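Line by line, the protein sequences are chains A and B.
For the first sequence, the working numbering assigns the number 1 to the initial residue and increments by one for each residue that follows.
For the second sequence, the working numbering assigns the number 1 to the initial residue and increments by one for each residue that follows.
Hints are computed from structural coordinates only; laboratory data are not their basis.
For clarity, every value in this text was computed on a predicted model and none was experimentally measured.
Backbone N, C-alpha and C define an ideal beta-carbon position, used for all residues, glycine too.
One or more of the hints may lead you astray.
[Said to hold, decoys possible] Derived pair list, reagent style DSS-like, types lysine-lysine, alpha-carbon separation capped at 30 Å:
no.: 1; chain 1: B; residue 1: LYS23; chain 2: A; residue 2: LYS58
no.: 2; chain 1: B; residue 1: LYS48; chain 2: A; residue 2: LYS137
no.: 3; chain 1: B; residue 1: LYS13; chain 2: B; residue 2: LYS100
no.: 4; chain 1: B; residue 1: LYS23; chain 2: B; residue 2: LYS100
no.: 5; chain 1: B; residue 1: LYS22; chain 2: B; residue 2: LYS10
no.: 6; chain 1: A; residue 1: LYS137; chain 2: B; residue 2: LYS22
no.: 7; chain 1: A; residue 1: LYS137; chain 2: A; residue 2: LYS58
no.: 8; chain 1: B; residue 1: LYS22; chain 2: B; residue 2: LYS100
no.: 9; chain 1: B; residue 1: LYS23; chain 2: B; residue 2: LYS10
no.: 10; chain 1: B; residue 1: LYS10; chain 2: B; residue 2: LYS100
no.: 11; chain 1: A; residue 1: LYS137; chain 2: B; residue 2: LYS10
no.: 12; chain 1: B; residue 1: LYS23; chain 2: B; residue 2: LYS13
no.: 13; chain 1: B; residue 1: LYS13; chain 2: A; residue 2: LYS137
[Stated by the list, open to error] Simulated DEER-style distance windows between Cβ atoms:
no.: 14; chain 1: B; residue 1: LYS100; chain 2: A; residue 2: PHE228; range: 50 to 58 Å
no.: 15; chain 1: A; residue 1: ALA230; chain 2: B; residue 2: GLU90; range: 36 to 44 Å
no.: 16; chain 1: A; residue 1: ILE51; chain 2: B; residue 2: GLN94; range: 46 to 54 Å
no.: 17; chain 1: B; residue 1: LEU42; chain 2: A; residue 2: GLY136; range: 53 to 61 Å
no.: 18; chain 1: B; residue 1: VAL71; chain 2: A; residue 2: SER233; range: 21 to 29 Å
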Amino acid sequence: MSRFKSLVPASLIGLALAAVSNPVLADALAGQMEKQETNWVAIGMFTAFVIFTLGITKWAAAQTKSAAQFYSAGGGITGFQNGLAIAGDYMSAASFLGISGLVYLSGYDGLIYSVGFLVGWPIVTFLIAEPLRNLGKFTFADVASFRFGQTPIRILAACGTLVTVAFYLIAQMVGAGQLIKLLFGLDYAIAVVVVGVLMIVYVTFGGMVATTWVQIIKACLLLAGATFMAFISTSAPRPCSPRRWRFIPSIWRSCRPGLW
Amino acid sequence: MAASALEIEKNPKFQELVSTRKKLGWSLTLLTLVIYFGFILLIAFDPKFLGQPIGDGVMTLGMPVGLAVIVSTFLIVGFYVSRANAAYDELTRQIVEESK
Numbered sequence: 001m002s003r004f005k006s007l008v009p010a011s012l013i014g015l016a017l018a019a020v021s022n023p024v025l026a027d028a029l030a031g032q033m034e035k036q037e038t039n040w041v042a043i044g045m046f047t048a049f050v051i052f053t054l055g056i057t058k059w060a061a062a063q064t065k066s067a068a069q070f071y072s073a074g075g076g077i078t079g080f081q082n083g084l085a086i087a088g089d090y091m092s093a094a095s096f097l098g099i100s101g102l103v104y105l106s107g108y109d110g111l112i113y114s115v116g117f118l119v120g121w122p123i124v125t126f127l128i129a130e131p132l133r134n135l136g137k138f139t140f141a142d143v144a145s146f147r148f149g150q151t152p153i154r155i156l157a158a159c160g161t162l163v164t165v166a167f168y169l170i171a172q173m174v175g176a177g178q179l180i181k182l183l184f185g186l187d188y189a190i191a192v193v194v195v196g197v198l199m200i201v202y203v204t205f206g207g208m209v210a211t212t213w214v215q216i217i218k219a220c221l222l223l224a225g226a227t228f229m230a231f232i233s234t235s236a237p238r239p240c241s242p243r244r245w246r247f248i249p250s251i252w253r254s255c256r257p258g259l260w
Numbered sequence: 001m002a003a004s005a006l007e008i009e010k011n012p013k014f015q016e017l018v019s020t021r022k023k024l025g026w027s028l029t030l031l032t033l034v035i036y037f038g039f040i041l042l043i044a045f046d047p048k049f050l051g052q053p054i055g056d057g058v059m060t061l062g063m064p065v066g067l068a069v070i071v072s073t074f075l076i077v078g079f080y081v082s083r084a085n086a087a088y089d090e091l092t093r094q095i096v097e098e099s100k
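Bound-form chain B, shown alone (with noise of 0.2 Å):
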């Protein structure tokens, strides 16, 4: 007989599932924010920082450091995929296969 969703939700497999899930989206989403905020809040006080020049040509620093923050959320969404792929597609189909 299936699990009714009280038993589910007392399961440790299930707490842990949520919690860490939780924690993990929301530290990474923290991250994201301060990465992108920092890079604001730097055009809007220090953008001579951003117009260095680097080398002989036209580039500024400004160039790579936008082009880091766009691979920062690449790396940062292929992190949290990669452990939701992992761990937590695991631990659902544990909890799943413990309620049947």
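If we strip away everything but chain A, and leave its shape as in the complex, we get (with noise of 0.2 Å):
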């Protein structure tokens, strides 16, 4: 259920890769990033995407009526959407920031962790997805209470999940406190709040389908806004043919106007 974890939205995401990318900003847990002014074109993108978001939870939400539809949206989900959406979760925050602001600040190194996130994955596919499949059971603890004890299990599979969290889910609520401090210009504290009450609602009232939707769709913002930035920063400036294109606006073009 890592999908449940990685709600950033995001369009956050594309904007704070200046932030993270500066080192002097990078040290998001001292808290050191200034408080900046108002910044009304963020917020109506993040407010738009969050009302868009929380619509389909809406949605999602009328359609869940069971606990196989909460946890694995009934069945219904083809691989491909559910490719996309796992591509979703893997390219959260913690690829798209941190591996970007690791790889900038040690190079190679940094590299390193976004080939390890994903050699995990292949190896929980061929050791626990095909038993929890042939169980018909949805978590984890489920599928070790099933032939354990209830009780040990539950309390040990609870502790392994909160050691998880306190590792991964408060740094990434760190980092969203963060920018939407930076962002928006609110204190830190009501930033973190605002952030994980959006982050609790969607899981909440949408189970698997609002999940699985919004995660589709951060995965097609992420891949289509990485794919432009890959593109632009890489291709060679060039003059613009002011014949053919030139109702194209002339950063899409990757190419200089006064070059010409």
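Using the hints, build the complex out of the two chains.
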């Protein structure tokens, strides 16, 4: 259920690159980020994305009536959709912000982490996915307690979850809180509470249908944004053709109007 | 009448399903781990090898090698999925059919 943790809205992520790639601002835990002036464009984008995804959550909540629908969308998600959603997970704040920051700060050593994430997933597929499906259970704790004592196994699983959360989710919450503070000029405490409430609302009301669709949208946005940035940043400056493409803004053509 | 769990366990097709699936899962896990830890150990013990420049630009050998690790996981999962869809689902269907 790793999908449940990474609902940091995608609109923040692209805007955050500039903040993370600056080593002075990278020390997020120390709270050194300056409170910015209110940025209405960023707030508008963020609000639009949140309203849109909350709409999806409302739609999904109306469909969710059983545990099977809550945890696995009633089996109604195709392989391709699920793949996109998992890709959205994979490209979440951890890899998109964290890895780009790590690569910026420590070069190739930072890249190792992005490989490490990916290698864990096939092993989960080979060893855990099939038993999970065959048993018709939804969580690791359900499977483990199917054969062993319920109470100790569930306590153990809960401890594992909480330890993972301590390392993973808190860092994401801090990052998201700092981002909102940076973008909106809100106080840090308020920013963290806003992000936390949004995450809980998405997951509690929408279940797997909503989280899957939010992740699919996030994956498409991130893929489009990252591809766009990769092309723009790696293409050599060249003059624009004034006749053929003049109706497209020059930044999208990766050309320099002045060079013509 | 439906077969009991013990009868299904004795079904040679069920035993074949369990053993081949276990074998494939663990051998692909091992392959993934060998590729990944080979990569990590290469970084740890021979960083100069990955630092060799390729071509005239800033590209080093480490970039295509890192990409190859990522692509290899795609290929391994693709192989697993094709095997699971072709062989195991069919075998499971046959076992369920025979147990009815």
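Structure versus earlier hints - violations, ascending order = 1, 2, 17
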